[in-house]
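*Asks:* Top line first, the protein sequences correspond to chains A and B. First residue of the first sequence: 1, per the numbering used here; consecutive thereafter. First residue of the second sequence: 1001, per the numbering used here; consecutive thereafter.
I should point out that these hints are in silico values taken from the structure, not numbers from a laboratory. Treat the hints with care, as some may be off.
[As the list claims (entries may be wrong)] Here are some chain A residues pointing at chain B (derived, C-beta under 8 Å):
1. Arg19
2. Thr21
3. Ile66
4. Phe67
5. Arg84
6. Gly94
7. Glu97
8. Glu98
9. Ala145
10. Gly155
11. Pro163
12. Phe164
13. Leu170
Built from N, CA and C at the ideal position, the CB exists for glycine as well.
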Amino acid sequence: MYSLLRTIWLIFLHLFHRRVTVEYPERKAYLAPRWRGRIILSRDPDGEERCVACYLCAVACPVDCIFLQKGELVGGRWYPQQFRINFSRCIFCGYCEEACPTYAIQLTPDFEMSEYDRHNLVYEKEDLLISGVGKYPGYSFYRVAGLAIPGKDKGQAENEEPPFDPKRLLP
Amino acid sequence: MASVTIDGRSYDVEAGDNLLHACLSLGFDLPYFCWHPAMGSVGACRQCAVKVFRSPEDHKGRLVMACMTPATDGLHLSLDDPEARAFRASVIEWLMTNHPHDCPVCPEGGECHLQDMTVMTGHVHRRYRFRKRTFRNQYLGPFIAQEMNRCIACYRCVRFYRDYAGGQDFDVFASHRYVFFGRSADGVLENEFSGNLAEVCPTGVFTDKPLGREYARKWDMAGSPSICVHCGLGCNVTVNARAGRLRRLLNRYHHEINGYFLCDRGRFGYGFADQPERFRQPLRRGQPASRAETLEHLKDVLAKAKIIGIGSPRASLEANFALRQLVGPDRFHLGLAADQHRLVSLIIDVLQKGPAPAATLAEAEAADAVLVLGEDLPNTAPRLALALRQASRQKGFAIADRLEIPRWLDISVRDAVQEERSPIYIATADATRLDDVASGVYRLADGEVARLGFAVAQAVDGDGPRVPDASPDLAALAQVIALALCEAKRPLVVSGTGSASQAVVEAAANVAWALCHRGREARLSMVVPECDSLGLGLMGGGSLADAFQAVEAGAADTLIVLENDLYRRAERTAVEHCLDQLRHLVVLDHTPHRTAARAEVLLPAASFAEGDGTLVNNEGRAQRFFSVRPPPADIQESWRWLRDLAALRGDPSVTAWQRLDDVTAACAAALPVLAGITEAAPGADFRVDGAKIPRQPPRYSGRTAMHADQTIREPKPADDPDTPLSYSMEGSAVALPPSAIPYFWAPAWNSVQAVNKFQQEVGGLLRGGPPGVRLIHPGHPGRRSYLPEIPRPFTPRRGRWWIQPLHALFGSEELSRHSPPIAERLATPSLALPPTDAARLGLAEGALVELRLGSETLRLPVSLHPALAAGTGGLTAGLPETLGLPLPAWAEVRAVSETPP
């Protein structure tokens, strides 16, 4: 009898507690900027794709859910012709982001991607590519790396001398 | 043997080996760049520093370069010494000061020797604050891409290209930190071994251009052990594929054949298997048909028809055997051109019955005197030409041995030797790209080549057929060559089917046998044109003429052609006459050609990329090639198609074949000469630790996303009933049999240099011995020689020229022509004439002529070949314009226009 009354009393007291239930989806939960959610591909500050199709995200992925194919633009810029993430397999571990040498692949604070049909969880490049820089503003891989691309010649990357002419006779 | 102490433990190593070689052979991880097992040491990179101590009491020691220091008995050295470690780490740091920050966009990344060595030494952080030197890249042709900024100046490329492969158009320019490796100007690399730069370069300066177009990392590509199908030498290759597409072909080390290097035709010729025009489904009169209705139709055809079969020298033994079983041995024809059929049979006879054994390429490399009769090796068997180029150094090695310079001390040996070369004599129709290492080159018509050979044989032995009407010049020359061959310890005679002359092959055999009779360890190297020419010859069967005869006589009305273009094998008119009389023509093939275009029923066959089988190379070695991807829907191996056809006819012995091993076993049982082929590689039941050998590396990525656009469920990997390999990453890849290694990889060794870990000693045999089985053993060492009618001296005729077959590395071979990078470099058809003869006709280079050859009339531009003998000419064989011409032959030449149009 005592325990019964005590339980009812405790329940009554809860009327005066702060509510923990969030009125989702009307109210969104707070997600930290470093939350590991839906994966996106970002662009560099010049608006070009950051991904250079180096395959490091794919090889880092413990569930092998990233598949891409490298392409090359006229002038030598590498880019992913095809980039697919099978989110029905993704475990949002963030290894891909960690492996990415160009800050292209990023995990975002978004988890709202449930589907009735698993096929819709296969994201192709057009589903992944956003038009901003994401979490890392300012970085552009090609400005640092030695590979020449249109608009950035040999010798114009970070810490580079102008191209040497091997036929020059001066020492 | 020498006993050396490495970090306190004692090991036995070969005395005189350099320490780097010894340490790597013992399994130590010692970083290096400039040293290469096939090219020796130059001490350019300073990376392999170790510490050597005077005695066990000496604790100070001194740093030496392991690659430049010979192992001596009682030597104490340390790899682990802190000073040696620090030295190696700082060398890497220096090398990396100019390295661009571009591994993610470098095709070498993931299989980069520089990456491996950097990790091995522990250098992680760039301290150098100054600027990096840069270069502009060059266009080097369709095979090799250059990114010069990545260079660490190890000099391997130039040492391979110039010193090892004899290239002239590649060099090192400028000085100190600005050294530049490339051509003097943009342009296509001329040497036929340029593709090896991609493997020789320890970093990403020279990379495989076709791979770059359809790029995948090493860890992402399934590999399979395969055999090159573009000539008769049987070089071992690794085929890499991903997502159902072939990505590249790599050298697969075989100590006795290709060693570390491949030719460009072999390396870049694989594209035919993925070309858009390839047959991918059954065709009936050129229209796609389903498998079921095609077989239904064939059932009616086969029930009533009188069938004969034509095999192929570029199909596996198993496929040829299946055809032989389907049609019956007496109705099976080899599908070799008439002259090739005679020559292949002759070569088998020579190798089986004579005392001189066939030379492996390793033996050819060790030969100290060589006579080449009638074979343009850089075009017909390029890897053999590279071996002979090394053979030319044997005399130099003897000099170095006398001066007690170790052979691996490359620069010192070259300095001591200067221009001294072993005697190599080359007698061919036209100039060859091997002439620069030859002591004597003779440009003769094929009959004269044979006469020279017979004269040499006679001069060696005093016995054998005498050359009639031999001029004093010929006799004197024969004496010189005979003397050089007799003085050698390991003389080699090279000939083959290239000149299409029986007398030349007989002459070569006579020379080798005469040398054997004189007690020399003479070897013979007979070049055959295609990957299974010799295997087909060993199998035996009727000639193509017999097949045409049978059709003509009405004894056959249906022809089954296995992976063969008859237009390559006989004159167009003869082929067409035969095909016109047929009621049914069934062709099995993967690559389109003129015979396939006339087929009533075409069955899409697997190429080397999807099929398995056994091939016999020019030394009679049976080797197995394994598929790298499962055959797509309608494609299946030729032997499976032929089995299905046999099932339609209700032939129980053939119908029971379920997997390749059944066919191989049946073939070995039916033909005693091929009995060894079952041992060529482990069968399908072979297991390592109870599991199959994985084709995919353990980090093969994208498994659950690759097919997600078609099915969200991960499909089961395809079964492979025919081989001990699996189409997945599951299984065990340790202690593999040498003939079934799908890729070379070892912990900390991601680059191609990982092959070190698979060898008994670095640069030696693979663990488990040389892959393949030699089927031909030399006969008893009795006296034997051919006594043929020796050709009369060649005399030019008025208004007519003796047109001989010439060969082009890119173009003469059927399959590689269809590969996109090679298609950019195809030979163009032209009539080669000596300039004096052309001048007499008033023809300039490029002028148009009409050539009347048998029943054919060709219009071709003239190209002037100063080396050709007067009264002779040459046509590049195997081009669409010259297919099936019965060369050599007399032809009339008439000027159409005297200047280039």
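*Asks:* Indicate, hint by hint, whether the structure satisfies it.
*Replies:* Quick rundown of the hints versus the structure:
1. Arg19: Violated, about 39 Å.
2. Thr21: Since the shortest Cβ distance to chain B is 34 Å, the answer is violated.
3. Ile66: 6 Å, holds
4. Phe67: 4 Å, holds
5. Arg84: Interface hint status for Arg84 of chain A: holds (5 Å vs cutoff 8 Å).
6. Gly94: Interface hint status for Gly94 of chain A: violated (16 Å vs cutoff 8 Å).
7. Glu97: For Glu97 of chain A, the interface hint is violated, since the closest Cβ of chain B sits about 14 Å away, which is over 8 Å.
8. Glu98: Where the cut-off is 8 Å and the nearest Cβ of chain B is about 14 Å from Glu98 of chain A, the hint is violated.
9. Ala145: 4 Å, holds
10. Gly155: Holds - the Cβ of Gly155 of chain A comes within 8 Å of chain B, reaching about 5 Å at its closest.
11. Pro163: At about 5 Å, which falls below the 8 Å cut-off, the nearest Cβ of chain B leaves the hint on Pro163 of chain A intact, so it holds.
12. Phe164: 5 Å, holds
13. Leu170: 10 Å, violated
The structure is inconsistent with the numbered hints 1, 2, 6, 7, 8 and 13, although it conforms to all the rest.
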